[in-house]
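Mind assembling these two chains? They're in different frames, but the hints should get you there.
Chains Y and U are the protein sequences, given in the same order.
Position in the first sequence counted from 1, then plus 757, gives you the numbering used here.
Position in the second sequence counted from 1, then plus 3, gives you the numbering used here.
Hints in this document: simulated from the structure, not taken from any laboratory.
Mixed in with the good hints there might be a few duds.
No farther apart than 25 Å at their CA atoms in a straight line, the calculated lysine-lysine pairs in the BS3-like style are these [what the hints assert, rightly or not]:
id, chain 1, residue 1, chain 2, residue 2
1, U, 146, U, 156
2, U, 156, Y, 1120
3, U, 559, U, 549
4, Y, 1120, U, 146
5, U, 344, U, 209
6, U, 703, U, 745
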Amino acid sequence: MSPSITFFPVDNGDMTLLKFPSGKTVLIDAKVRLDADDPDEDTRDVAADLRNRLSKDAKGHRYVDALLLSHPDKDHCLGLERHFHLGAPADYDAEEDKIFIRQLWSSPMIFRRASKKKPLCDDAKAFNREARRRVELFKVVGSRVGDGNRILVLGEDEDGKTNGLEDILVKADGLIEQINGEPEPSMRALLLGPLPSSDDDEEEELSKNNSSVIIRFTITIEGRAWHFLTGGDAEVGIWERQWQRHRRNPFVLSYHMLQAPHHCSWHTLSYDSWSDLGEDVEVSQAARSALSQALPGARIISSSKPIDDDDNDPPCVRAKREYKAIVDAEAVSGEFFCTGEHPSRSAPAPLEFEVSRHGFILKNRPAPSIRGGGAIGREPLPHG
Amino acid sequence: MAKTHQQRGGASPPPAIARAIVHIEAHPAISGTTLLPWKRDSGVTDVQVRIRVNLPTEWLPAGRSPTGVRAMEHVVFRFGPTYPFAAPEVLLRKDFNRELPHIQPGSVSEPVFPCYYDGSPDDLLQQGGLFAIVDQVVVWLQKAALDELIDQKQGWEPTRRDNVHDTLVANVDSLQRWIGNRERIHIFHADYMVMEHRTPSGIKLKIRTNAKVREIPVRLTSELVQTAFTPRQREQIQWGHSFALLICPGSTSAGPIVISHYQPETISTWEDLLVRSRELGCEDKLQSVFGQLERLTENLLQNVEIPIFMMLTVRRPFELIGSNSNIELLPYLMWVKSPLKKDGLSSVRVHPLAHRHSITQNLLRHMTGTQMKGETPGLVQLGCGSLGSKITIHLARAGLAPDTVIDKGNFSPHNAARHGLLPYASPITEAMDSWLYCKANLLAKAVGTLGKEARAYTADAIELVTSATDSESLFSFSSVVINSTASLAVRECLAASDIYRFKARIIETALYGQGAVGLMTVEGVSRNPNCSDLTAEAYVLMREQKEVRTIVFSDKPGVERHTVGQGCGSVTMIMSDARLSMLASAMAERIGSLLHGGMPIGGEILIGCIDSDGMSTSWKRSECSPFTIVVPDNESSWSIRISPRVHEKITDEATKYPTVETGGILIGRVSESGRTITVVDVLPAPADSQRSAGLFVLGKKGVAALREMYESSTQGALYCVGTWHSHLYEGSASSRDYATAKIIGSSQLTPSVLVIKTPTSYHAILASEQP
Chain Y
758 MSPSITFFPV
768 DNGDMTLLKF
778 PSGKTVLIDA
788 KVRLDADDPD
798 EDTRDVAADL
808 RNRLSKDAKG
818 HRYVDALLLS
828 HPDKDHCLGL
838 ERHFHLGAPA
848 DYDAEEDKIF
858 IRQLWSSPMI
868 FRRASKKKPL
878 CDDAKAFNRE
888 ARRRVELFKV
898 VGSRVGDGNR
908 ILVLGEDEDG
918 KTNGLEDILV
928 KADGLIEQIN
938 GEPEPSMRAL
948 LLGPLPSSDD
958 DEEEELSKNN
968 SSVIIRFTIT
978 IEGRAWHFLT
988 GGDAEVGIWE
998 RQWQRHRRNP
1008 FVLSYHMLQA
1018 PHHCSWHTLS
1028 YDSWSDLGED
1038 VEVSQAARSA
1048 LSQALPGARI
1058 ISSSKPIDDD
1068 DNDPPCVRAK
1078 REYKAIVDAE
1088 AVSGEFFCTG
1098 EHPSRSAPAP
1108 LEFEVSRHGF
1118 ILKNRPAPSI
1128 RGGGAIGREP
1138 LPHG
Chain U
4 MAKTHQQRGG
14 ASPPPAIARA
24 IVHIEAHPAI
34 SGTTLLPWKR
44 DSGVTDVQVR
54 IRVNLPTEWL
64 PAGRSPTGVR
74 AMEHVVFRFG
84 PTYPFAAPEV
94 LLRKDFNREL
104 PHIQPGSVSE
114 PVFPCYYDGS
124 PDDLLQQGGL
134 FAIVDQVVVW
144 LQKAALDELI
154 DQKQGWEPTR
164 RDNVHDTLVA
174 NVDSLQRWIG
184 NRERIHIFHA
194 DYMVMEHRTP
204 SGIKLKIRTN
214 AKVREIPVRL
224 TSELVQTAFT
234 PRQREQIQWG
244 HSFALLICPG
254 STSAGPIVIS
264 HYQPETISTW
274 EDLLVRSREL
284 GCEDKLQSVF
294 GQLERLTENL
304 LQNVEIPIFM
314 MLTVRRPFEL
324 IGSNSNIELL
334 PYLMWVKSPL
344 KKDGLSSVRV
354 HPLAHRHSIT
364 QNLLRHMTGT
374 QMKGETPGLV
384 QLGCGSLGSK
394 ITIHLARAGL
404 APDTVIDKGN
414 FSPHNAARHG
424 LLPYASPITE
434 AMDSWLYCKA
444 NLLAKAVGTL
454 GKEARAYTAD
464 AIELVTSATD
474 SESLFSFSSV
484 VINSTASLAV
494 RECLAASDIY
504 RFKARIIETA
514 LYGQGAVGLM
524 TVEGVSRNPN
534 CSDLTAEAYV
544 LMREQKEVRT
554 IVFSDKPGVE
564 RHTVGQGCGS
574 VTMIMSDARL
584 SMLASAMAER
594 IGSLLHGGMP
604 IGGEILIGCI
614 DSDGMSTSWK
624 RSECSPFTIV
634 VPDNESSWSI
644 RISPRVHEKI
654 TDEATKYPTV
664 ETGGILIGRV
674 SESGRTITVV
684 DVLPAPADSQ
694 RSAGLFVLGK
704 KGVAALREMY
714 ESSTQGALYC
724 VGTWHSHLYE
734 GSASSRDYAT
744 AKIIGSSQLT
754 PSVLVIKTPT
764 SYHAILASEQ
774 P
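Okay, chain U solo, but in the shape it has when bound (with noise of 0.2 Å):
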């Protein structure tokens, strides 16, 4: 169809308008344009385009949908001197139908403003150009005529505000619980803060609003009134301690007021807040509450002038879009002055607010993706420094914040190099005092900004997890340690707990190499396999891995003393924040998705690198089954843990020799203070090895080369632990094998085990001098 372009006011538009009105024309559904007057100072343009709305059938001989969208609509847009960096403004007729959805709040006597993209204009200009913004709006317009701006199935659309700068921050979900059938006013703590602006004639403007609801609430004392007029101001800021108030829905003889047709956003006066709590049937309520203002400011100070908020609730038909209540929270400001007059309220403003949810784990989760519903299981942080804190702040942030953190150090300024916490000042002294806290504290106080009250422990790990009573108030609750600690004696003492009063997983987290490898293990169910096994597995794994092999196990130490101060020192690594960052964040998003996705039955050994361009991180995710667990026959208070690499190995060698006895070196390592010992890896049977139907004799040839080659390439992480030898029937070990455990024992100071494997099961003995 022919277009018509039109022209008033007489001067050329600027280049980029008149570029803007071919772009607009382009569009199928777009009839024409007119170029409205402008005036060349103001830098503003208005265009009005006719835009063809395609109404069904049924519609078409009245020209307009049931919802009072024309088949010819005419909007103007409206480019500002920022075009085309920034979208045109759009605006439809005044006496466009208001009560559609998805529509900016606004006064009749404005023109309409469709929320036509759910985005920011000004990105999808520079995206598609002005043909996307003229298509979004085709499209708007066309669902405004069809009614189906908001899909029902979807839930309830909640009234737009996004482009209201005022906020409320509020915790609908803990409001609700206010909510009843009845009308009622619940007030509120909230604290506020306002930016104003002088104009250079000197006129005071408030350009921004934020208050923060609290969650209980109070009742409206005379002090409670004394400290909302008593507001504070530096500079060019008010703040203060106001109130808000609930505005809750009553019922009628029919039930609970719902209301199901949209409202235009229109309050802007007292007079048309009571009309619509008329509506919701607690007008009453409200000029109760009003009244009670009135006489508890009579004898305050004059003139003090103070945001007040309402927060008016309405009962939906059904839930809202992404939620679980049918209850839309509609809050407003008003500015107040004392003494409060009920009858001078009529000419007072009162402006809509953009309600945002207060920091919640589950608004958390919602931004994050993290698919979890209710808290977390029982998680504590052990070990708050670089790592730990980094691994916390990521999975709180993530709505999975821990339950308890636990970190026996001090915040110290050496740790402003690497953490997941910043050196902050504090608003009284304005120092940079954060050092004088503990780590823990400091640590749960962030979690507590996220949404999380977290437990703060500052205390030695072992020691907490070793005394009866702090491992039950601590531990008993918990089905998830995440260790941080970089301690082996923690690990260690971690891995001997007792199962049964210690039944919590633990997830090892750890780096080497100046932070260009990182180390992470999930303990299985039933803590089998625990981290200490794992642990040893893990070497054997890195092991294996060349470039992981020479980080890990270097010959230069991991961690070095530092100086962090004349005389004083830290062991730590020598590495950047952002570097330490890349292996922490991978570390953290598995442990959030085994929070929210379920942990894994068997262990879990999970190796990352940083590549040689320091900047790639590749990661090795390995499954690992239970070990088998055997007590010597000669020492029960000790244990044999035999992972399944070792047992499949055993079982082998074993079945290649059906007839006769055969053997090997077992590898692995002694936990003293553990009373274990864990097998990793076997070594082969030396050539001049003999076997026989009853006797198994371990040679010596190339044993000691082979043990060296093993040891050395894990820099003693992992040795030889024992020997193993199969028996051809059931039974315990034999006077032979207590013979030569008594050569072994004799022969070092550590244990060692010597292992029997019969065509069924394992037996072990002891080999140890000490007791």
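Only chain Y is shown next, with the shape it has when bound in the complex (with noise of 0.2 Å):
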């Protein structure tokens, strides 16, 4: 099975699907329209699309091997309940035939800061609820739970919250080595974020950055690695902190792949607002330069609406810009993908890369409806 990393055209939203050589998932965020579950509808069916890419366990159950879920707003959660079953594995409806978690990767940290800043929905409520009936599984059963069962908790929180659960806890620059409480030799995902804070009023900044999960994923292929940063909605006051820590060392941040933070958001590069300053907004160089630790050949991938020259925010082309400017400059010669544009705007499709040991290459894959020879069939090909 050919390992790739796919960003499925959600608008505005994550839903990235990443399958390591072994066969194993992880899906970060979700995001599933209503329109895109309507038949009737030109949206793309970004759920069927993702069950294609996804196995059957022996029960005949489509999984994921872990869900990550980088914060709780909408635009990351979208269809949770819909598409994902949640709740004990023994509850699962074959007839409902919803995708089958195996382990859920949930920030506690994150959650709390996010219902302060404003009411969670009801998706994020579920996952919330799930993952608490996860913790609390583990507290009485230890880590002999079974899959649908299995969690993972990023970030250490606050005032000893998560004590007692530092055998499925990883903390901060902590590394995951494994998907599933299994060993997945071709990943190391180094946990940058969520920090914690020291105070109240940094413990409020963060709060108002979109505070997120953010993940440096190393995808090693017969012994050369690949990096693949992503981070969720985490805006300019966060990647000001991530460089703040690793500026010396500025490797951490480096990447073949960055999915741009907040679907291609100006608030991630800079503290002014594009709609109400236009061209006199200033970049935040501290965030820039988080961000802009591209290796030669890097990608930029915003998953986001298509990017027009006008004031919306997000996805910005200011923003664009910049990342335009990281990936084209002579050292990197890469390149700059919409999801809302690939292959098309007026058909947007997955926008799928292989991960090979020369590094991510796209993979064309034509719209079954505009293949040749008729729309009803392929002719079968007689032998004299």
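Written out as structure tokens, the structure reads:
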């Protein structure tokens, strides 16, 4: 099975599937709009796209090995309850045929910060309930819980809230080398965020800046390492902190592929408002430095609507310019992609990269509707 | 990404090309197209297509792959006047890396033609539209960039020469025997034929050359050269006997020379050929052979032009795809004139040839998916009539040809109506004279053209089987004999053959009812059940199927005498060749799978039937366990063969009456020639039979009607062959049994049998008045 990274066209939002050489899968966020589930709508059926890329287990349940929620905003978990089984494995309803989640990757710290900012949506609440169920089960049973009950807690929370969870806890700057309780030799995932706060002001600041899980995945193929940096909706203040933390060893932030945070939002790179100030906005050099550790041939992916030259944010054309400048630098000579524009604005399709020993390779997947020879069926070939 | 379409040259393209451009641009990897200047009269339109090649991260900064494929490739789609029936030609830039595999041979001054599809691009166009062609080219470029055009796990991919029309047929397996570790050049006869075309201005063009290389090397002598430079010509065809050079690679101090990198197929001159043979360490040998040729052609008639063939052989680091060898054969053709001057060769063009395997049983096995290695397990075809010849040809085409074919008859004109062979015209007399030959010889000749030397015997099968010497030489090395003689006598003779002398298992094939029903039987291990047992058992099975029974056991004769000339007739069936093939092909298919998949342990009976629609065929396959063989207590030269069905019925009946004797009537066949009684069915004892502990008396109530009904349902093919009864204890026949046998024996001419079932075995008494 070819390892790959697939970015699904979910408008402004994230849904990214990582497939490792062992076949294990990690899904980062999910967003399935109602339109995407309606066959009469033109919106891409991303749920089908996702399901087509997942395997079935011995019971015939389609599954992901791990589901990571970067942060509980609607555009990162919409449709979760509709498409994923949340609850005890024994309660799985075969008729509903939902995607089974073998392990959750969840950050209680981020949930706490997000709920301070605004009320959680129903899907986020459902995720949180499921995370709690799994944590409580762990407290009773320990690590022996099976598929569908496992959880990995990302980030040590304040006031000892994550005490007792050490066996399933990854702290900031810690490494994840297992998926669903089993080693994945081709993966090293460095947890860069969420970062703990030193005081209430910082806590407030981090909450405001859309505290998100930030991970730098390193995928090793035949001894060669390729880096993918993803950071949910983390905004400028968080990236400035990342730079302060790693400026002496910026390699930690380097990447061959970056998912532009917050759907190519200007607020990732600046404290200024693009819609208010236009071209007068100023870039935070620290945040830009954190996000510009592009390695040769790096790609930056904006998981967003098509990017127009207008006042919208996100996605913001000014942010795109900044990212383009990063990948266009001679030493990088990389590429910038927008999920809403690939392969075309009128019919976006999943943006899929194979991970090879030479790095990420874009896969061409022609849409079936434009395959030639008539739409009804392909002609069988007779033999004379 | 936005796509750009440009047009150079002003005029609008034809509508088909305009549509084609839309289709090309629909592919996500296409960045844009440009219509190149075109001439309305030429009928050819070139469209430049800009294809984005997805380079991996590592090569993105350089904008090209290590194999030289660029992130943006400019490819020309050349649409000919026959588009959209024919696919466009796809041309890569001239400086595209020719050292990649899957590229057609060509000189460096020409564009590069990729082999982007493993099949006919024209068919791909019809099947998937132009979009499919574009997609294949995109995939090809992508693989070229990643150096994945060949999967080395599958083996070394030979240089592609799909579009080369001139061919050389050679048996590589055989030629390889002459390739050692030292540089050598072996000379072989090469028979060739060239088609020429004369242009209106009178210029002769050689449009196609086909040659076949023989398998035994010869010496380069003046006679050989003289023959080679004496070509024959008729109208626009030149043919003759030239020669081919097998150029074998040498060794260095490091060992045999192995070429492990792809080399572009760019040899087009004598100099190119010398350079390549230098790499193989055999340039000196090549020069030396041509030096000899120069001397040997000195005194020949001037300006006679002939083709000579060169077969470069290259050692590869691993085996070629679909081959057990690491030797790649690269054949070339060179036209030379007498007297040959080495110095003048630099202006002579060298053309690559497409290699074709010569017809061998291995090639045919490969092409038909026959999973068998090595020789067939000694196969004899008995009977080369319409059915036997068809089965033989089917098997031979699948690489399973018989070693021996036997038939006593001549090929007769009326055989043309149904046969595996066609009447052929002699190239000498141009008369339809194949009827002058024996069927066996003609069939062996046909099998010979399919890569197998088969022995032909024109002889009576019974004489061969019964003759100790013929039987020894013919059958002792055979393990399977297919009997398609449709002769009851031959079948009985085969069945009666001594199992110790005649070990080959018989496969019987026969047709019934104007080809409406086919029967095939396969003998079991140690020839039990044998062909006669199986035929009798098949009669029981056919009797049970109404639609088959009415055809096979019809009161109309199955075969009749039909006039095949004034005063001459042939006893045969009237049916079409196609109908015969429907059953013959199924039989051949099953025989083929038995030959390569392994013969069954037990016997097999296959009954095929053509449905009333005349098209559908249905086959039923039944397995048959060994028969129980009982030698009569009173006559050891006879044997009683009891079918598993009969054994089961008798055992069930005896078990039903554990305290008294019971019995019944036996149905089967008697073979006087084979001194065998075959029992295949049992009728129950009539109601007035008497059962007691020491005696069973077979009653007579309704027996006559029951026998009549059974016998008439098979038109007498199966009939009453005796009786059976049980004994409660072990032991042989009683005096009463002998007395009864005498009564039965005196009442009819053919022998009958009294079978006695004891708790663990059988006894039998032959009831016969005859000695």
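Compare the distance between the alpha carbons of residue 1120 of chain Y and residue 146 of chain U with 25 Å, and conclude whether the hinted pair is satisfied. Holds, because 12 Å separates the two Cα atoms, which is no more than 25 Å.
Given the hinted pair residue 344 of chain U and residue 209 of chain U, is their alpha-carbon gap at most 25 Å? Measuring from Cα to Cα gives roughly 22 Å; hence the hint holds.
Given pair status - residue 745 of chain U, residue 703 of chain U, alpha carbons within 25 Å: This hinted pair holds, its Cα atoms lying about 18 Å apart.
Regarding the pair residue 156 of chain U and residue 1120 of chain Y, is the alpha-carbon distance no greater than 25 Å? Given that 25 Å is the threshold and the Cα spacing comes to 23 Å, the pair holds.
Take a quick look at whether residue 559 of chain U and residue 549 of chain U sit within 25 Å of each other, Cα to Cα. It holds: about 16 Å lies between the C-alpha atoms, which stays within 25 Å.
Is it true that the CA of residue 146 of chain U sits at most 25 Å from the CA of residue 156 of chain U? 16 Å, holds
Against the hints set out earlier in the document, no violation occurs for any number.
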